[in-house]
Amino acid sequence: MQRMYKKYIEVEMLVDKMGDITPLALIWDGERYEVDKIIRHKPQAHSQNCGGGGQMFVVQIGGATRTIYYEYMGPGKFRWFIESLRP
119 MQRMYKKYIE
129 VEMLVDKMGD
139 ITPLALIWDG
149 ERYEVDKIIR
159 HKPQAHSQNC
169 GGGGQMFVVQ
179 IGGATRTIYY
189 EYMGPGKFRW
199 FIESLRP
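Numbering of the sequence shown is given in the numbering used here, commencing with residue 119 and proceeding in unit increments.
Some clues are possibly wrong.
[As the list claims (entries may be wrong)] Derived pair list, reagent style DSS-like, types lysine-lysine, alpha-carbon separation capped at 25 Å:
1. K125 to K195
2. K160 to K125
3. K135 to K155
4. K124 to K160
5. K195 to K135
6. K135 to K160
7. K124 to K155
8. K160 to K195
Please keep in mind that the hints were generated in silico from the structure rather than gathered at the bench.
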């Protein structure tokens, strides 16, 4: 198995009136990728491949399946990361 890295990315998301989040698109290395489908969501999960965790979304983007996390960094601070083959 290849080593996976935690790559921080920008994510366009919808936050509904109840505070639930839905990722709509990822911006990765300057390219924008629309989320075609959310396959699975876990409110709390840990990345077995690269460490870290948070809300986990398994998403389909252009036919590829990727796992992204909304990670808690401290009071009022969150970041998105994707499991990547490149650092």
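Against the structure, the hints:
| no. | hint | in the structure |
| --- | --- | --- |
| 1 | K125 to K195 | holds (17 Å) |
| 2 | K160 to K125 | holds (19 Å) |
| 3 | K135 to K155 | holds (21 Å) |
| 4 | K124 to K160 | holds (18 Å) |
| 5 | K195 to K135 | holds (19 Å) |
| 6 | K135 to K160 | holds (19 Å) |
| 7 | K124 to K155 | holds (22 Å) |
| 8 | K160 to K195 | holds (19 Å) |
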